[in-house]
Amino acid sequence: MTTRSILSVRGLKVHFGSRKVIQNLGFEVEAGDTLAIIGPNGAGKTVLLKALLGLVPYEGEICWSPTVKLGYVPQKIAADRQMPIRVHDLLSAKAHILKLHPRCIETVAAMVGLTPEVLRASIGTISGGQFQKALIAFALLGEPNVLLFDEPTASLDELAEERVYDIVEQLQREQHLTVILVSHDLSIVYRAANKVLCVSKDLVCFGPPREVLTPAALEAMYSAPPQYYLHRHGKEPDQPGKAAGHD
Amino acid sequence: MARSLISQARLLDMTETSTVYSIVLALLFAVAAGLVGSFALMKRMILGADVISHVALPGLGLAFLWHFNPLLGGGAALFLGTLLIWQLQKKESFSTEVAIGVVFAGSVAIGAALTPKEDLVEVFFGKFEQISGFTFLVGVMAVAVIVYFILRFKSALILNLFSPELAAATGIKLNRLNLLFLLAFSLTVLIGLRFMGALLAGALIIIPAATGRRLADSIWMFLFASTLASVLAVGIGFLLNAFVFRNIGLAPTIVMVSTLLFCLSLIRSRT
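Quick mapping for you: the protein sequence lines, in order, are chains V and X.
Under this note's numbering, the first sequence has 35 at position 35, and the numbering climbs by one with no breaks.
Under this note's numbering, the second sequence has 112 at position 112, and the numbering climbs by one with no breaks.
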């Protein structure tokens, strides 16, 4: 683990019974990094995030810096939306468990743009975008310095997706957070991440997106020739055969 | 003569005191049932309330067969049943309902086989009886433990209901929380077991929670409405049984009142 390193993973293996989900994965994350984890369905991205959170048993080494405080935004919540629980009830439950001052709820709500009306609303009555903001606010309680996102915009329309990533980028800028996010969307990877981890059960590539996301790496990961291209604004023509993104 | 009168008066006092103990404990049971029932309803284990009380049957049967305190027998059976359900719950292939269902079927069969025929009605439908100061005190302490558990762990219970994964990521020990909730659940059933009977003890966990859910839009309103519906059912049930429906058992009267309150709650239209 280097001095700036906030997370070091070595020889990570996760299996459920005889099914191997992650085999021999290793990488490092430095403070302030935005690491995007990409890979095909079933590659073990969500399981990797859960292993990092200590929610699933694993073999190998996951070493977080002692100063780390984690915030987690899950992929989807299977909660019964009919439960008489308000957004404020959820935030206040976490604040109570972490022994935080109730005023923290207003602070995190303001950070993600949750209005007092939404705070008072039942979780069953708010939109997908508001629900996602509520989950981000939930993750931000306790002032984490590392945020883990599991496909934070999976069920949102493009406009809501843009807003969520705007919030993430703003938080990272203002709060100096380290972000680890799972995403299917390569344009998000190019836009938001300074490191990318490509997984397909084991490590396919790791490093800055523009260096490691080669057609060969994408083909190895998705077992098919990549159909993405790098779109450049301006006079330079589009270059086929590379991953999509915006400069 | 005078001595006899005094002793009769003392006996009457003691009897009245014991009756008051029984009624107060029944009302306190209603408070615990309302609180536990609210979370059981949200945990989608509301049918478990009905079924888990049946788990006490083998213990009650043995107590009647061998003439020892039915609460001891019922309590021991409930405790073992709870531990078994907790273990079954942890296996991914078992949902709570399936787990409880398996334990339930075995318990009813064993309980029905063990209980002497003449005691079956009492075991199933309960019996109002005066209780000693000691039993009252133990009951009050049990209710206090249940109320303390719900209030102390309410935030963890809410997060666990919303998302076990997020709850675990927040540092909540889910396995321990689930066991404690099942124990609070079983303890509530145990307090109501003697006067409500094994068949109806779960009803006061189910019906008032369903009533409260109809009336409430927030968690605190829900807890309050369920508890109030439960206390009203027991209170009105006692009064009706004492002055109107004297030939009907206490437990069926209480459950009928509770059902009526639920029907009244249906009048409120939900948005």
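Take these hints with a grain of salt, some might be off.
[Stated by the list, open to error] List of simulated lysine-lysine pairs, DSS-like, C-alpha gap at most 27 Å:
no.: 1; chain 1: V; residue 1: K76; chain 2: X; residue 2: K154
no.: 2; chain 1: X; residue 1: K127; chain 2: X; residue 2: K43
no.: 3; chain 1: V; residue 1: K76; chain 2: X; residue 2: K173
Simulated from the structure, these hints should not be mistaken for laboratory data.
No experiment lies behind these values; they were computed from the predicted model shown.
Now the hints, each set against the structure:
1. V:K76 x X:K154: 23 Å, holds
2. X:K127 x X:K43: With a Cα-Cα distance of about 30 Å, the restraint between X:K127 and X:K43 is violated, given a limit of 27 Å.
3. V:K76 x X:K173: Holds: V:K76 and X:K173 sit about 21 Å apart, inside 27 Å.
Going through the hint list in order, the structure does not satisfy hint 2, though it satisfies all others.
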